[in-house]
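Participant: Residue numbers (the working numbering), protein chains in the order written: chain Z, 231 to 605; chain G, 231 to 605; chain Y, 250 to 487; chain C, 2 to 234; chain V, 2 to 234.
Simulated from the structure, these hints should not be mistaken for laboratory data. A few of these clues could be false.
Here are the simulated lysine to aspartate or glutamate pairs, EDC-like style, with alpha carbons at most 16 Å apart [unchecked claim]:
#: 1; chain 1: Y; residue 1: Lys-475; chain 2: Y; residue 2: Asp-272
#: 2; chain 1: Y; residue 1: Lys-473; chain 2: Y; residue 2: Asp-273
#: 3; chain 1: Y; residue 1: Lys-327; chain 2: Y; residue 2: Glu-301
#: 4; chain 1: Y; residue 1: Lys-355; chain 2: Y; residue 2: Asp-442
#: 5; chain 1: Y; residue 1: Lys-398; chain 2: Y; residue 2: Glu-361
#: 6; chain 1: Y; residue 1: Lys-473; chain 2: Y; residue 2: Asp-272
#: 7; chain 1: Y; residue 1: Lys-398; chain 2: C; residue 2: Glu-181
#: 8; chain 1: Y; residue 1: Lys-279; chain 2: V; residue 2: Glu-10
#: 9; chain 1: Y; residue 1: Lys-431; chain 2: V; residue 2: Asp-199
Note that the coordinates shown come from a computational prediction; the quantities given were computed from them, not determined experimentally.
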Amino acid sequence: MTIAVDVAKRLGAFELRAAFRSGERLAALFGPSGSGKTTLVHLVAGLARPDAGRIAVGDTVLFDSAAGIDVPRHRRRIGYVFQDARLFPHLSVRSNLLYGRWFTRATEGEPNLDSVVALLGITHLLGRRPGALSGGERQRVAIGRALLARPRLLLMDEPLSALDEARKAEIIPYIERLRDEAGIPILYVSHSLGEVARLAADMVVLDAGRVVAQGEPLAVARRLDLLPAAAEVEPGRFLDVVATRRDERYGLTTLVLEGGEIVVPDLDLSLGQSVRLRVRARDVMLALERPVGVSALNVLAASVGTARPDGLSGMEVSLDCGGQELLARITRRSFDELRLAPGMAVFAVLKSVSFDRRFGEDADARPVAPTGGSP
Amino acid sequence: MTIAVDVAKRLGAFELRAAFRSGERLAALFGPSGSGKTTLVHLVAGLARPDAGRIAVGDTVLFDSAAGIDVPRHRRRIGYVFQDARLFPHLSVRSNLLYGRWFTRATEGEPNLDSVVALLGITHLLGRRPGALSGGERQRVAIGRALLARPRLLLMDEPLSALDEARKAEIIPYIERLRDEAGIPILYVSHSLGEVARLAADMVVLDAGRVVAQGEPLAVARRLDLLPAAAEVEPGRFLDVVATRRDERYGLTTLVLEGGEIVVPDLDLSLGQSVRLRVRARDVMLALERPVGVSALNVLAASVGTARPDGLSGMEVSLDCGGQELLARITRRSFDELRLAPGMAVFAVLKSVSFDRRFGEDADARPVAPTGGSP
Amino acid sequence: PAAEAQEKGPVVFAAASLKNALDDINAAWKAETGKSATISYAASSALAKQIESGAPADVFFSADLDWMDALAKKDLIKADTRRQLLGNSIVLVGPADAAGSIEIAKGFPLAEKLGDGKLAMASVDSVPAGKYGKAALQSLGVWDAVSPKVAQAENVRAALLLVSRGEAPLGIVYKTDAAADKNVKVVGTFPADTHPAIVYPVALTASAKGDDAAAFLRYIEGDKAKALFERQGFTVLR
Amino acid sequence: MEWLTPSPEEWVAIRLSIRVSLVAMAGSLVPGVAVALLLVRGRFPGRSLLNGLVHLPLVLPPVVTGYVLLLLFGRRGPLGAFLAEHFGLVFSFRWTGAALACAVMGFPLLVRAVRLSIEAVDRRLEEAAGTLGASPLFVFATVTLPLILPGVVAGMILTFAKAMGEFGATITFVSAIPGETQTLPAAIYAFTQVPGGDTGALRLTLVSVAISMAALLGSEVLAARVGRRAHAT
Amino acid sequence: MEWLTPSPEEWVAIRLSIRVSLVAMAGSLVPGVAVALLLVRGRFPGRSLLNGLVHLPLVLPPVVTGYVLLLLFGRRGPLGAFLAEHFGLVFSFRWTGAALACAVMGFPLLVRAVRLSIEAVDRRLEEAAGTLGASPLFVFATVTLPLILPGVVAGMILTFAKAMGEFGATITFVSAIPGETQTLPAAIYAFTQVPGGDTGALRLTLVSVAISMAALLGSEVLAARVGRRAHAT
Ligand SMILES: Nc1ncnc2c1ncn2[C@@H]1O[C@H](COP(=O)(O)OP(=O)(O)OP(=O)(O)O)[C@@H](O)[C@H]1O
Ligand SMILES: Nc1ncnc2c1ncn2[C@@H]1O[C@H](COP(=O)(O)OP(=O)(O)OP(=O)(O)O)[C@@H](O)[C@H]1O
Ligand SMILES: [Mg+2]
Ligand SMILES: [Mg+2]
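Same shape as in the complex, but just chain Z (with noise of 0.2 Å):
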C-alpha cells in the first residue's frame, strides 16, 4: 500500500511542510527532537488538519484540502501508538486494549488478545489500571491497544524507546512479522538509525520540517553525512554480490564479485540472487599478499585508492575491488609501514560484512540485523 503526503502546517513559530510517498510496508520517519515527526503523524491520524495539502492511504484520501476532504479520525482506521502512551486511566489494562474491538468485525485469527498479550509480556497485568504501571509497561499496552484495533496503517511515534533491549528484541521481530504477514502498512517514528535499519525499507528524514532525505536507511545515512544522527553509523561501504554456492556441510553461502569471494553463514538465499553487502571500514585489514593460514574467509583483491586521515592516529583508505568501492580504515602507522600508495594492489581482508536490507524485498529472504553474519 502507498501512503502519498503533501502537507503544509504551521505551529507558531515552525513550519512543516513535507512531502514523500512509499509504497514499502514499513516506512520510517527519522530526524532529530523537534523535526516535526510527531506533528506529521498527528495529520495523517487527523488529529490536527493540515493547512493545505493531501494525505493517502493506498487508494483511499483521507484529506485533501483541494477536494475538500477531510476523514474523521475515527474513519481513518489508523492504529497509532504515541508518544506518551495515553492509556485510558478509568478502564482496566484489558480493556485498554479491547477498546478499539467495539469498532471492527471481530474476524476470527490474527492480532487477538492472547497472542498480542503474551507476545508484549503484558498477562499478569490485564487485571491492572494504567496508573498501576511502569513506563515500559505502559508503552508495551498502548501499542497492543493499537494493533488489536486492526488497523488498515500503524503509526509508531518511538514505540520501543521506553523498553529495555531484550523488550525491543522481543517485540522488532514481532513489528516484523506485521509488516511481512499480517500486511499492515507502518509509519515508524523512530530517532534510533538501529531500529530504522533493521526494520523499515524506506526512510524519510525530517529535519527542522523539510523531507530532506528519502530512501534505504543506510544509504540515505550514509548520503547525509550531514545529518548529525547518521554519526551513529561508521563509515562503510556496500558491496553488490551474487550468491553462487552453498556449502551444505558447513552452512555457508559463498558470494561472488569481482575481485574475489564472500563466505557468509547460509542464509536461504537462492542460488544466483543478487544481495547487496554492507562492510564497515573497521572491518577491514589490508594486506600485502593474500593471507594464507589464518581463519578469515574473505580475502579480496584490491587496488588502493585515495586515503585520507581519520582522527590522530588513523587513516580511511579507499579501495578499489573490482570495480567497487571498499573502505578501509587503518592506522597511520599501519598505512606508513606497508608503504601503501594509491593504485597499489592489495588484499582486503573482511572479518565481518552485513547485509544491506534491499535484498529483503525478495519475499523469501529473511532480514538480517546490520551486525549480522561474522564469517
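Given chain Z's structure and the hints, the job is docking chains G, Y, C and V with the ligands onto it.
Facilitator: Using the frame of chain Z, we list chains G, Y, C and V with the ligands on its own:
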C-alpha cells in the same frame, strides 16, 4: 559520596526489596521493564515512603524507619529527571528551568541557565509553554530543570530514551562532566547497556524487585548471561595490559601483555599504568603463522584451548594468551581447514579492542566508549 | 453608617404590603420637616424576630396582630404607643372577564364554583391574609369542602398573581391588592363579621430613642397620612 | 423528644420533597451535561447568551424566577400551553412544577460543576479513542463521561441539596398545596411565619438536614469510588 | 423608557448590592479555597462534618439560614457578641452582615468549584516541584494555585452572582434598611409586595441581571486567559 539504600516497598502484587551501596560518582540502575527501577528512585526522592528500610546519601540519612527519620522531599535536595517530563504547564520553559532557583543559594558558576540551555539546545524554546514542545524537547527541559536546582544527588530516570542519537551523543559527555567535575553524584536509570557502560562505574541490576547483581557494568553484564538484557553484549573477554610505550609520531600507545603487544590510539595514559581491554570474539582472527605485511598491528601469540560450536556455521574458540583468556569466533570451516586442536600454537590477530571502564578510576584517564580505539 | 442612618431620621420596620402608602407618607413628611424615615420593608415575622434580637428599629408597623402581641409580651414595644391604625377587608377575586359576582353567605357554593380549579390564598396558617381567609371560610361553613382546593401562596401578592395569570379561577386577597390589578375583578367581599378584624398595629419599640420616632409615629396617625392610606385602599381606623 | 416526631402531614411534605428533589436532579442531568458540553466545546454565536441564561436563576431573587416560570410555564404561558397541549405535561399546581422550579434553580450549579470537570479532561485521551475508531458520541460515552463522573456526581448532589432547600421559586410558581406542591421548605417557612413556630421549623429543618447529609455522604462515597476507579491505585 | 431609570434610592441599593457582593466574594475566597483544600487533601476525623456544614446553606431554606445567622451573629448572639467585643466587628443590621449572609449562602458553591479543580490537579506536578526544593506552601502557591485558577474564578463568579440574587437569608438576618442593608433583591422583593410594583421590580431586575451578566462575561474572559496560559498553545 556514597548512596546507601536498603528498602522494602509493596505496591499491589509487586514487592521491591532492594539493598545496595555505591560509592561511585555515577551508579546505574539497570533492569527490565517493570523491575522496580522507578519505584526505587521514587523512594530515594521521597515521593513514596518505604515500608521499612534506610536511605542515606553521604552522611545524610534521608530515611530510616528504625530511627523514625523521613526527610521531606523538598529538603532532600535531590534533583529528579522524571521518566515522564512533568513540566509545569502553566509556566514558560524559562520559568520551568529556573523553578529550583528559588530554593538554592544563587552562587556563581557551574550549572547556570545560559550554559545548560545552550548545551541542551533549547535556547529558542525559552519563551514557550511546555504544551508546545515535542517529546524530546520536553525531556531536555526536564533535564535542565533538575540540573539548575543544584541538587546534591541527581536521579535520572531514562533521561535520554526520548532523544535522537545525535542529541544523546551531545548530552552524554555533559553528564560525564557533571559526574567528574561538578561532583554531583548521579543515580542513573537506563535500559541501555551501551549508555550504562559508557557512563557508570557501578551498575545495580534489578529484576522483579530484587538486586540480582552489582558491579562494574560490563563485568556484571558478562557474568549475568542469565540477564536477558546482556544479550546485547557480544561475547568477548577482558585482557589486563600495561601501557608501556608511546609513539608520538603516529599518536599510538603500545600496551603490553604476556604474549604480545597491542597498539591503540593515543589515550593520555601514563606509562606504566595498567588498563583493561575488552576484546570481542568476533574481532579476533586466528592465523597459524605470524602474519606479515598486514595492516593489523595487534598480533598475539596464543594457544588453542577448548572450542564449541556456535550457531550453525560458527565455532567459539577459547585461547590462552600468556595466562589470560581470549575468545575467537570463526567459522566451522576455518576451524577445520586450520586443523585447530587444543594446545596448538596460533596467532590471534585483533582488529579492534575496546576499553573497559575500570581504568577510568584513575583521575586522569578519560573513559572511552566501548567500541573505542581501532588500531 | 449606622449613625448616619440615625441622623437620617427614625428607622421604621414595616410590613412589605405597606410600602406604597408609607413611601408616600415619608415623602410628605420629608417635604414638611426636612427629615425622612428609613423604612425597612419585610415580612412582619422577620421584622419581629429582628427586633427581638436587637434590631435598631424605632417603629414597628406590622400587618399582623400576632407578631405585635408577641413583641408586646416580651416588652419590646412601648405599649402606650401602640395603635390599631389600619383596617382592611378580604375579597374574593376572579378573572377580569368573570361574569357577575358571587354572593358570599353561609354555605355559599364556593367549591362548585371552583370546579377542578384552585382557590389561591396566602398561606392559611402563617400569612395574615391567609389566616383571615381561612377563618372566614370556616365561619361560613365552606372550609372543609374548599380546603383540598386551596393553593397557598407565600404571600397575598403571590396569591393575587395566580388569579391574575389565570392559574387559579378564584382567590382570596386584600381589597387593597385587588383594586390595583386590572386582570382581576372583585367578585365578592367577605362580611367583616366572618373573620377577626383585619388590623395593622403600629408602635414605638422599647429601644426607640429621640423625638423623631415619636414625631413620625404621630404623623402617620395624622390626617395627611390618613388620606394617603386611604388612597391605597386601606381603612383608617381612627 | 416527642416534638421531634413529624406529624402525618409533615411526613407527606417530607416524602414529597424527596420525590421532587430526586426528579429535579434526575431530570436536569442530561440537559445539564449537554449544556455544559456546549459551553465548553461549542463555538457558536449565542454561547455567551446561553451561559448567561443558565446563570440567571442564581442571579435573580427566587421569587422573580418563580414569577418568570409562572409566565412561561403557567397554564396560560406560551411554553406551558404548548407542553400541555402536545405532551399532556402540566406543571401548574402539580408536583412536577415544583420539580421544574427546583431543577431550574439548581441548574447553574449542575452546569458549573460538570463544566469544570469537562475542562479538566485530557483531550488527548479523546483523540486516542478517536484513532481507535470511536465516533465522537462513543468517545463521549466511554471516555469523557467516565472521566467527568466526579463532576457530574458533584453537580447532582448540589442540585439535590438545592432542591431540598428551594422554596421561593417553587411557592411562587406552584404555591403550596399539601400533598401536591407543599415541599419541606414551604412547610418550614410556614412555621417561621407564626409566633412560636420555632419547634416545628426546627423539627422539619433537622429532617431536611438529615436527608441532605445522607445524600451528601452517599455522593462522597460514590465519588471516591469513581475517582479511585479512574485514577487507579 | 423613563421607567428604566432607577431613582436615587434605588441607586443606593444598586451600589450597596455591588459592594456587598464584592465583599462577600473577596471575603470568602481564602476560607473557601482553604476549606476546599482541607476537604480534598485532609484526612481528619471531622471531615464529613465539615463537608456537611459547608453544604448546609444550600440545603436550608434561606429564611432558616438567615435566622440561624441572626441567632449566632446577632447583637445578642454568642459569636456576634464575641466579635463585637474583641474585634469591633459588628454584623447585625450593617451592610457587613448582608455581606456575611451572602458569603455564607455562596460558600457551598465556591467550595465545590474549587474542590473539583483541586481534584483534577495532577499531583505528579506537585511532586516534581517538591523535588526541586519547594516547600508544600510554596508548591501550593506556585503550582497548585495557578492550576486551579479556573475553578477559583468559577467559584468566585458563582459567589458574586449568588450574592447579587440572595435575599431570603439577608433580609431575615439584617432586615432591609435602605442605604445600609437593603440590597437590590430586597428592593425587588419590596416592589413585588405592593400593587403596581411590577415596573419597579422589573427595572431593578434588569439592572441586577445586567451587572451579573457583565461580571459573568468578565469572568469568562479571565478564565479563558488563565486557561490559555495554563494549557499553552
Ligand atoms: N500502584 C501500583 N500498584 C501495583 N503495582 C504497581 C504500582 N505501581 C507500579 N507497580 C508495579 O511495580 C513494578 C515496578 O514498577 P516500576 O515503575 O518501578 O518499574 P520500572 O523498573 O521503572 O519499569 P520501566 O522500565 O518500564 O519504567 C511494575 O511491575 C509495576 O507494574
Ligand atoms: N503548539 C505548538 N506551537 C508552537 N510550536 C510547536 C507546537 N507544537 C509543537 N511545536 C514545535 O514543532 C516542532 C515539531 O514538533 P514535533 O512534536 O513534531 O517534533 P518531533 O519530531 O516529534 O520531536 P521529538 O523527537 O522530540 O518527539 C518542535 O520544534 C516544537 O517545538
Ligand atoms: Mg515526537
Ligand atoms: Mg520506570
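Participant: Run through the hints listed earlier and report the numbers of any the structure violates, in increasing order.
Facilitator: none
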